[in-house]
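There are 2 protein chains.
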Amino acid sequence: MYKFISLKNGLANVEGIYCDGVNAGLRPNITQGDVAFIRSDTVAKIGAVYTTNRFQAAPIKHALRYGKVFESNFILMNAKNANAMTGQKGIEDIEEILSKLPKELNLVNPVMSSTGVIGYRLPKDKIISAFDKLNWSAKNSDATAHSIMTTDKFKKEICFEVVLPDGNSFKIAAIAKGAGMINPAMATMLCFIVTDAEVPVEDIEPLLEDAVSLSFNRISVDGDTSTNDTVMLMANGKSGVYDKDAFSEALNKITFELAMMILKDGEGSNKVVAFEVTGARSDEDAQRAAIALSNSLLVKTALFGEDPNWGRIASTIGASGIDCDEETLSIYYDDLLIYDAKHRELDSKREEKAYKVMKQDSFKIVCDLGLGEGKFTAYGCDLSYEYVKINAEYRT
Amino acid sequence: MYKFISLKNGLANVEGIYCDGVNAGLRPNITQGDVAFIRSDTVAKIGAVYTTNRFQAAPIKHALRYGKVFESNFILMNAKNANAMTGQKGIEDIEEILSKLPKELNLVNPVMSSTGVIGYRLPKDKIISAFDKLNWSAKNSDATAHSIMTTDKFKKEICFEVVLPDGNSFKIAAIAKGAGMINPAMATMLCFIVTDAEVPVEDIEPLLEDAVSLSFNRISVDGDTSTNDTVMLMANGKSGVYDKDAFSEALNKITFELAMMILKDGEGSNKVVAFEVTGARSDEDAQRAAIALSNSLLVKTALFGEDPNWGRIASTIGASGIDCDEETLSIYYDDLLIYDAKHRELDSKREEKAYKVMKQDSFKIVCDLGLGEGKFTAYGCDLSYEYVKINAEYRT
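As you go down the protein sequences, you meet chains A and B in turn. Quick note, the first sequence lines up with residues 1 to 396 if you use the numbering used here. Quick note, the second sequence lines up with residues 1001 to 1396 if you use the numbering used here.
Hints may be right or wrong, so weigh each one.
In silico DSSO-like pairs for lysine-lysine, Cα to Cα no more than 30 Å straight-line [said to hold, decoys possible]:
| # | chain 1 | residue 1 | chain 2 | residue 2 |
| --- | --- | --- | --- | --- |
| 1 | A | LYS349 | B | LYS1244 |
| 2 | A | LYS342 | B | LYS1100 |
| 3 | B | LYS1253 | B | LYS1126 |
| 4 | B | LYS1068 | B | LYS1103 |
| 5 | B | LYS1003 | A | LYS375 |
| 6 | B | LYS1103 | B | LYS1089 |
| 7 | B | LYS1003 | B | LYS1349 |
| 8 | A | LYS126 | B | LYS1375 |
| 9 | B | LYS1103 | B | LYS1153 |
| 10 | B | LYS1353 | A | LYS124 |
| 11 | B | LYS1089 | A | LYS353 |
Since the hints were made in silico from the structure, they are not lab data. All figures in this text were calculated on a predicted structure; none of them were measured in a lab.
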């Protein structure tokens, strides 16, 4: 119905959007960028969804003074320092930094977004000194995407041109960071989406919340939720084009693909697995089981070991507190029946097939509870030695 | 007030209690025992606390037909096979196995307890053939404790003689297994406690539930809860002695020490950490935060890395959904202040001290929320490469 055309160079494609990233020396001995911006050359609308962590970081508290949807034309970003647990001083630091941005940018409600270590004041001078190096008229999506990375192994950047049946089109693009501390409700990450679609102000928040609930809130790397999670959508309307269904589909597509990229980059992860729970008494039950599966250490290590130990799947469902019954449960790895009440033991033929399924880079585990119509899919990854290594050594 | 005397040889000390364990070939190429029993030469009372997992294993369903407290003189145990997710056949297998026990044992309500892999029928013939090898008049606590081990690195066995002020005494002893799949509510493990104290039937269940809530329900290795968790208390009254306070204290002490042994044996763990949450709005809030801390992968890997990254502690509390405030929170490692609103950044002097605390085999992390009187302590351990290795390779 709508045509989605993938475009290179991410944010750069969107009309009126400028961005750049430079190295301000926030990460010792690393030449990659660490301070970046995204701006619109006209005042845009920004909608945001933030972490549910009670210790919201200073940049979130600062941005929330404008409400959940607000007029703005500027987002400043930094890596390495989360500006979290920094109290009132953390907010004052943001105000001071933003006040040093060039007057000629005609800033309206500029906001900031940070990621990195918790508990340290921002290195204000270093960040402000980066302002001389940033090119405010650049469309440097690559440097911007790189500048928000922390333990990410690759940049996450995506852009579509969406062509409507009448031939009109708009563009939507996004960058994201995130590899660890990923949890449903919501995934710990930063994501900045920009579009030149003419999105009405009343559509911004509901469409963004839907998109987040279908993407970032369904992925889990390690069950932890950070202080800084932020998804922002900046819409400047410069294309003059809008179609609600097309925009919603594009927004869902872009956030889902970014969520899958984050999972693939899950710290030390090798596989992406969809946990599809069906036949539950309610969608809430299905969600609880699917999320428990995506978070279970025993499931994750069995995925890493490529061991078709379905007992860990069953045990995790049983422990999730939902209504379930071993007589009505069935478990499939892709299309392969692994367990039902008539096939309780894995014979060698099915076990052989199960090993093959598990050797894939991605597959699904379907758990049909056989009790009702409730369903939910969550996405997870395996847990490897590498995860422990990255997280034992992070910060130092 | 009461004298607790530690005795060697565990279960063997308790009057009228006999036990043994032998190798029935359930674990290929391993000579360690895998089938064991505990019996009383008079009919005793058994109280039990079982897993909250909805997929309770067949031995639990079988034992539950007698209620939570029942008369019995015999417990049969096996390792390697959990007899879980085996349906009605799993229960029939238990009935058949128990019916083959020697008649001269005068069995009253014999029960079974199993641990191991989920989803396979018990090897009935092998287990029954072990009956010829077991010595029904043995007091072989060591072999019994070894026979219920799975990934445990050491046996867990403990015995006290409890001397009352009047000089009378009773004995209480226990064995346990558990190293992985440990989670509060409740810890995945088997624990068999025997005593010759003359415990009134009405005291058995409440005292056992109290003891479990203060011990096994406060430890976490990996946040998973198994299908087979069982704590059984067998009291045969043969000492003719009882004092409720003394018995309760002894039961709490024995279960707490076993819980700490399980944590020390936590798969690949190197440290035991007490997460003491105080100053919460309620005990429930404190419990939620303490358990979240003991389960957090990011906290556990930071413990392994001996990294005083208190931001992960704060972030986990913030994500636990309880009421908290960065202005009133304070965090201590042992007695060392790590964070409060006046000391947000860790200076190098305190950081140096923090490294020292974290190098210990065990220490406490105290989080005072500064909001009320609620408190709870949970116990956890670090997460190492070894955990991933053990769990990626288990079963195969």
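Hints, verified against the model:
no., hint, verdict
1, LYS349/A x LYS1244/B, "violated, 57 Å"
2, LYS342/A x LYS1100/B, "holds, 27 Å"
3, LYS1253/B x LYS1126/B, "violated, 37 Å"
4, LYS1068/B x LYS1103/B, "holds, 25 Å"
5, LYS1003/B x LYS375/A, "violated, 57 Å"
6, LYS1103/B x LYS1089/B, "holds, 24 Å"
7, LYS1003/B x LYS1349/B, "violated, 44 Å"
8, LYS126/A x LYS1375/B, "violated, 42 Å"
9, LYS1103/B x LYS1153/B, "violated, 36 Å"
10, LYS1353/B x LYS124/A, "holds, 28 Å"
11, LYS1089/B x LYS353/A, "holds, 26 Å"
In summary, the structure is inconsistent with hints 1, 3, 5, 7, 8, 9 from the numbered list given earlier, while agreeing with the others.
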